[in-house]
Amino acid sequence: MMTDLILVLVVLTNLKLLGSSRLGASIRVVAAQGVMLGLLPVLAHVHELSLHFAALAVGTVALKGVVFPWLLFRALREAEVTREVEPYVAYITSILIGLAALAASFWLGGRLPVSTVEPSSLLVPSALFSILAGLFLIVARKRAVNQVLGFLVLENGIYTFGVGIVAETPFLVELGVLLDAFVAVFVMGIAVYHINREFDHIEVDRLDRLKG
Amino acid sequence: MNALSFIPLLLALILSPLLFGVINRTKALFAGRRGQPLLQTYYDLWKLLRKGAVYSRTTTWIFRAGPMVGLAAAWVAATLVPLGNFPALIAFPADFLLFAGLLGLMRFFTVVAALDTGSSFEGMGASREVFFSALTEPALFVVLATLVSGADWLHGGPVLALVIIALMIVLLAENARIPVDDPNTHLELTMIHEVMVLDHSGPDFAFILYAAALKLWMLGALVLSMVLPSSGGNPWLSLALVSGGMFGLAVVIGVIESVMARLRLLVVPQLLIGAGAVATVALILTLR
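From first to last, the protein sequence lines are chains A and B. Residue 164 in the numbering used here sits at position 160 of the first sequence, with consecutive numbering throughout. Residue 242 in the numbering used here sits at position 239 of the second sequence, with consecutive numbering throughout.
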C-alpha cells in the first residue's frame with residue numbers, strides 16, 4: 005500500500021515537472037522525488053530489513069534530497085539571471101505528451117516479463133514513465149539546469165527499476181550508480197557555471213554558434 | 004424505483020440554496036465578520052421572484068429562454084444523481100453521459116443568452132466560460148469513467164484520492180468558485196460567470212441563482228458518493244451522513260475560498276489541465 009502511494013506520487017511529480025515553469029520549483033520537486041524513492045526500498049522490503057537497505061536508503065536520501073538540490077541551487081544562483089524554464093514544447097503540450105507516455109509505460113510494463121516477484125505492480129510502469137519523462141525533459145527544455153534535472157529523473161527511473169530486483173543487485177553496483185549520478189551532477193554543475201561565464205547565458209539552443 | 008430514491012431529488016430541491024449560506028458564513032467567520040443569515044439565498048430567491056423582469060430591446064426570445072432552459076436542465080440532471088447510499092430517481096446504463104450533457108445544455112443556454120444581449124462584457128464572460136468548460140468537461144468525463152470502472156477504498160486508495168482531487172477542482176471551476184472565478188467580484192474584466200448573468204433581472208435571475216445552487220449540490224453529491232462510508236442500509240443514518248457531508252463540503256469550499264487567492268486568468272487553464280491530467284492518471288491506474 006505504501007509503495008503504491010509512493011509510486012503514484014512519483015508519477016505525479018513527473019507530471020508536475022513537465023508542467024512547471026520555474027527552475028527553483030523544479031529542483032525542489034526532483035529533490036522530493038529523490039527522497040521518496042530513497043524510502044522506497046525500505047518500505048518495499050520491510051519484512052527483510054537489513055543493513056544493506058538501510059544504508060542504501062540513507063545514502064540515496066542524503067544525496068538526492070540534500071546534496072543535489074544544494075549543488076543545483078548553487079549553479080542556479082551563480083549562473084542564472086532569470087528563473088524561467090523556457091521550454092521548446094509548451095507546458096500544456098508537455099503534460100499531454102507525458103500522459104501519452106504514461107499510458108505507453110503501463111502498456112509496456114504489462115508486457116515486460118520481469119523475472120522476480122515485484123513489491124508492487126506499479127513499479128515497472130512508473131519506472132518506465134520516469135525514464136521517458138526524464139528523456140523528454142532533456143530534449144524539450146532550453147536551460148542547462150533543466151537538462152541536469154531531466155538526467156536525474158531518468159536516473160530515478162532506473163533506480164526505481166532496480167528497487168524491484170534489489171535482492172539480486174549487488175550492493176556495490178547500487179552504490180556505484182549513486183556515485184556516477186553524483187559525479188555527473190557535480191560535473192554538470194561546474195559545466196553550467198563555465199558555459200555561463202563564457203557565453204553569458206546557459207541556453208543550449210544558442211551553443212551551436214562558436215564565440216569568435 | 005422505491006420511495007427512498009425520491010430523497011436525493013427532494014433534498015437537492017429544498018436544501019441546495021442553503022449551501023451558499025454555509026459557504027458565506029464560513030468565509031465571514033474567517034474574515035471576522037458575522038456574515039449574512041444562513042437562509043439569505045432563500046430570501047433573495049423570494050425577493051427576486053416577486054419582482055418584474057426588465058428586457059433590453061436588443062434581446063430576443065433566446066435571452067428569455069436561457070434561465071428557464073438552465074433551470075429545467077438542472078432539475079432533470081438532479082433526478083440522475085445518487086446521494087450517498089440513496090439511489091438516483093432515474094438510473095440506466097451510461098446515464099452519466101446524459102448528466103454531463105444536461106450540464107452542457109445549461110451552460111450553452113447561459114452563454115447564448117449572454118451573447119444575445121450584445122454587450123461586449125458579457126461576450127468576454129461567455130468566451131471565458133466556454134474556454135474553461137472545454138477544459139473541465141474532459142476532466143469530468145475521465146473522472147466519471149474512472150468511477151464507472153468501480154474503484155473502492157480497499158483496493159484503489161490512491162486512485163480514489165486522485166479522483167477526489169480532480170473532481171474538487173472541476174467542482175470549483177464549474178461553480179465559479181474561487182481559484183477560478185470569484186463569486187463576489189464586481190469588476191467586469193475579471194468576472195466569468197457573474198458577468199454573463201448581469202442583464203438578467205427578477206424571476207429570470209432567481210432561476211439562474213437556483214440552478215447554480217442545484218449544480219453545486221449535484222457536483223457535491225458526486226464528491227460525497229466517493230467519500231462517505233456505507234451506512235448499512237439504515238435510511239436515517241444515511242440521511243444524517245449525506246446532509247452532514249454536504250454541509251461539511253460547503254465548509255471546505257468556504258475554507259478554500261478564505262485561504263486562497265483567485266488565480267490569474269492565464270494560470271487557470273494550467274490548473275484545469277492539471278485536474279484532467281490527475282484524473283487521467285487515476286483512469287490509467289484503474290485500467291491497468
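Mixed in with the good hints, there may be bad ones.
Where chain A lies over chain B, by a calculated footprint (3+ residues, C-beta under 8 Å) [said to hold, decoys possible]: (1) 89 to 101; (2) 282 to 290.
So these bits of chain A aren't anywhere near chain B, every CB distance computed over 12 Å [stated by the list, open to error]: (3) 47; (4) 62; (5) 179.
If you want the ones that stay clear, here's a sample from chain A, every Cβ over 10 Å from chain B, calculated [unchecked claim]: (6) 19; (7) 32; (8) 54; (9) 59; (10) 63; (11) 70; (12) 88; (13) 139; (14) 142; (15) 143; (16) 177; (17) 182; (18) 187; (19) 197.
Rather than coming from a laboratory, the hints here were simulated on the basis of the structure. Where a beta carbon is used, it is the ideal one built from N, C-alpha and C, also for glycine.
Hint check results:
1. 89 to 101: violated (count 0)
2. 282 to 290: holds (count 5)
3. 47: 14 Å, holds
4. 62: Residue 62 of chain A is indeed farther than 12 Å from all Cβ atoms of chain B, at 26 Å.
5. 179: Residue 179 of chain A clear of chain B: closest Cβ-Cβ about 31 Å, beyond 12 Å.
6. 19: The claim breaks: residue 19 of chain A does not keep its Cβ more than 10 Å from every Cβ of chain B (closest is about 5 Å).
7. 32: 17 Å, holds
8. 54: 28 Å, holds
9. 59: 29 Å, holds
10. 63: Per Cβ check, residue 63 of chain A is outside 10 Å of chain B; nearest 27 Å; holds.
11. 70: 27 Å, holds
12. 88: 14 Å, holds
13. 139: Holds, because the least Cβ-Cβ distance between residue 139 of chain A and chain B comes to about 19 Å, which exceeds 10 Å.
14. 142: The assertion about residue 142 of chain A holds, with a minimum of 21 Å to chain B.
15. 143: 20 Å, holds
16. 177: 29 Å, holds
17. 182: 28 Å, holds
18. 187: 34 Å, holds
19. 197: The claim stands: residue 197 of chain A keeps its Cβ more than 10 Å from every Cβ of chain B (closest is about 32 Å).
When held up to the earlier numbered hints, the structure conflicts with 1, 6 and fits the remainder.
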